[in-house]
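Student: Quick mapping for you: the protein sequence lines, in order, are chains A and B.
Just so you know, we're using our numbering here: the first sequence kicks off at 1 and counts up by one.
Just so you know, we're using our numbering here: the second sequence kicks off at 163 and counts up by one.
In case anyone wonders, no lab produced these hints; they're calculated from the structure.
Do not rely on the hints blindly, as some may be mistaken.
Quick list of in silico lysine-lysine cross-link-like pairs, DSSO-like style, CA-CA up to 30 Å [what the hints assert, rightly or not]:
1. B:225 <-> A:143
2. A:45 <-> A:79
3. B:445 <-> B:312
4. A:79 <-> B:260
5. B:346 <-> B:445
6. B:260 <-> B:471
7. B:543 <-> A:45
8. A:143 <-> B:486
9. B:356 <-> B:448
10. A:143 <-> B:260
11. B:312 <-> B:345
12. B:445 <-> A:79
13. A:86 <-> B:225
14. A:86 <-> B:260
15. B:346 <-> B:448
16. A:86 <-> A:8
17. B:345 <-> B:268
18. B:260 <-> A:45
19. B:260 <-> A:8
20. B:268 <-> A:79
21. A:13 <-> A:79
22. B:268 <-> B:448
23. B:346 <-> B:356
24. B:363 <-> B:345
For each label pair, taking beta carbons as the anchor points, the in silico distance ranges come out as [said to hold, decoys possible]:
25. A:101 <-> B:356: 49 to 55 Å
26. B:175 <-> A:126: 14 to 20 Å
27. A:154 <-> B:456: 54 to 60 Å
28. A:11 <-> B:363: 55 to 61 Å
29. A:12 <-> B:496: 30 to 36 Å
Glycine included, each C-beta is placed from N, C-alpha and C at the ideal position.
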Amino acid sequence: MELQEIQKILLGKFPDDILSFDESSDILTLTVRKSRILDLIQYLKDDLGYLFLTDLCGIHYPDQELQLGVVYHLHNLLKNTRIRVKTFTSVEAPEIDSLTGIFSAANWMERETYDFFGVIFSNHPNLIRILNVEYLDYYPLRKEYPLEDQTRTDKDDRFFGR
Amino acid sequence: MEHLGKEHILIRPEDYDKNFSTLNLGPTHPATHGIFQNILTMNGETIVDAEQTIGYIHRAFEKLAERRAFYQITTLTDRMNYCSSPINNIGWQMTVEKLLGVETSKRIDYMRIIIMELARISDHLICNSVIGVDSGAMTGFIYLFQEREKIYEIYEEICGARLTTNLGRIGGFERDLSPLAIKKIREFIAHLPKVIRQFEKLLLRNRIFMDRTINVGGISAERALNYGFTGPCLRAAGVDYDVRVMNHYSSYNDFDLTIPVGTNGDTYDRFCVRQEEIWQSIKLVKNALENLPEGSYHMDVPEFYLPPKEEVYSKMESLIWHFKIVMGEVDVPVGEVYHSVEGGNGELGFYLVSDGGRTPFRLHFRRPCFIYYQAFPEMIKGSFLSDAILTMSSMNVIAGELDA
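So here's chain A without its partners, still in its complex pose (with noise of 0.2 Å):
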């Protein structure tokens, strides 16, 4: 199928809910309205064949009204076709559906997208830090989190031989 035809037949049945397409990108890139995540997603695993989850992972763009995003990679294994898809959130409201009633392997990967940008995926079974401690109160991927300036001075490092 040619990536054009997946286009206008995803635009045919998401009309008002696909907010952008970006052909120019190595991968077909869509962006989506995040109510209609879970839709999109069954949608394309069942009827265009997008079987395979490759990847899930979150984004933060702090200039952006809706600043925080998470970008799916999913694959057409027998076509070898893959389709990326993206949905953004705002930090206040972070709330996306769950796409582990679909694939379990997202159950992990929106683990870690909540415990790194703090994305809530409704619905998910065990929506806990992942990778980091419990008692972590920051989302550390998250662009206001800068690293540590690495020509500051005002350190005692003497222990740590930096």
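Got chain A sorted already, so can you dock chain B onto it with the hints?
Tutor: Positioned in the frame of chain A, the structure of chain B alone reads:
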């Protein structure tokens, strides 16, 4: 957080009268080869449920990468799957090349194939010999570790390091394959089949080994796909997905490659698939080395490939480029790419978002073990504790890759 998995760890009220016990397997258990914690609910010697805790060696690579210039990230990738670090290194370099639009020459592609396949061999050698150890056969392990040592000597000859290799550069290689390296590879490839045959004679049709591994930790193809399995674990379940064949990165399509598949997805199938992949890799290394074209070992990408050191001291242009690269003052195109390579454990993906700055805006590593290790409780439910250990070692879960 007081809600931390209480209902998963403790025995449920309805099971109070069943004499279940809780067993803490890990975080540092000698049989798990790495830092993995599994809290098992046991009924006698049978596993009823398992709760996994991971993240013990999390080092925040994705955050660190947002502060580093592209060439500095190669050293982070080393420390993910440290059993086959060159694959990670080269995978990352190819991702950057994809973003920059650099086409590599056949010579570089073939050199990469040689090194990546050697890395795959070393990864599979470790995994399969450890399956032997966990089922009680120490001998094969010692034989194969001698061979892995030879691979590490080859790395040493190519890049100077053994484990965390930092091998290759964006746009090619730091130096050419030396005659000694080529000699070592040839000798290794000539000698390895004998050792592998010996190892297979030891285990492949060994009654005890077969009894310990057949129908242990199996998973169906459908569940495996749903769980995002890739690599040998997926192929053992019967799905012939291999990134090398599907996407032909680095001129893999120039070579004849057979994908071995299993049927049951159990420990024995995973063992056999890895064993066959070693044979395929030997063939690939041999073919790539025979057909290695002449030419330069790096492409002309002055913005990323460091000029030769002697020119830096004598030529103005080279000095400028050297400074610009080291300080990360070069222009990077804006865009996003996803590139994946077939790592030792499966599809190792790099999702790179660049905003044109000196560092990535966002870099996400798709680590194959992280995604398929979550199926572990499902695979061991109802089996014995000793089988769970074997299942884990046959999944080849590498702590560095799991926790990134």
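Student: Within 30 Å, alpha carbon to alpha carbon, are residue 356 of chain B and residue 448 of chain B?
Tutor: holds, 15 Å
Student: Please work out if residue 260 of chain B and residue 45 of chain A have their alpha carbons no farther apart than 30 Å.
Tutor: holds, 28 Å
Student: Given the hint that residue 312 of chain B pairs with residue 345 of chain B, does the C-alpha gap stay at or below 30 Å?
Tutor: holds, 12 Å
Student: Does the beta carbon distance between residue 154 of chain A and residue 456 of chain B stay inside 54 to 60 Å, or does it fall outside?
Tutor: Between residue 154 of chain A and residue 456 of chain B, where Cβ atoms are some 56 Å apart, the hint holds.
Student: Given the proposed pairing of residue 143 of chain A with residue 486 of chain B, does the C-alpha separation stay at or below 30 Å?
Tutor: holds, 26 Å
Student: Checking one constraint from the list: CA of residue 86 of chain A to CA of residue 260 of chain B, max 30 Å. Satisfied?
Tutor: Cα-Cα ~21 Å, so holds.
Student: Taking 30 Å as the top limit, are the C-alpha atoms of residue 268 of chain B and residue 448 of chain B close enough?
Tutor: holds, 16 Å
Student: Can the restraint linking residue 268 of chain B and residue 79 of chain A be considered satisfied, given a maximum Cα separation of 30 Å?
Tutor: holds, 27 Å
Student: Taking 30 Å as the top limit, are the C-alpha atoms of residue 13 of chain A and residue 79 of chain A close enough?
Tutor: Within the cut-off at roughly 21 Å; holds.
Student: Straight-line Cα separation of residue 445 of chain B and residue 312 of chain B no greater than 30 Å?
Tutor: holds, 18 Å
Student: Quickly compare the C-alpha distance for residue 79 of chain A and residue 260 of chain B to 30 Å and report which way the hint goes.
Tutor: holds, 22 Å
Student: For a C-alpha distance cap of 30 Å, please report whether residue 445 of chain B and residue 79 of chain A respect it.
Tutor: Roughly 28 Å between the alpha carbons, so the hint for residue 445 of chain B and residue 79 of chain A holds.
Of the hints listed earlier, there is not a single one the structure fails to meet.
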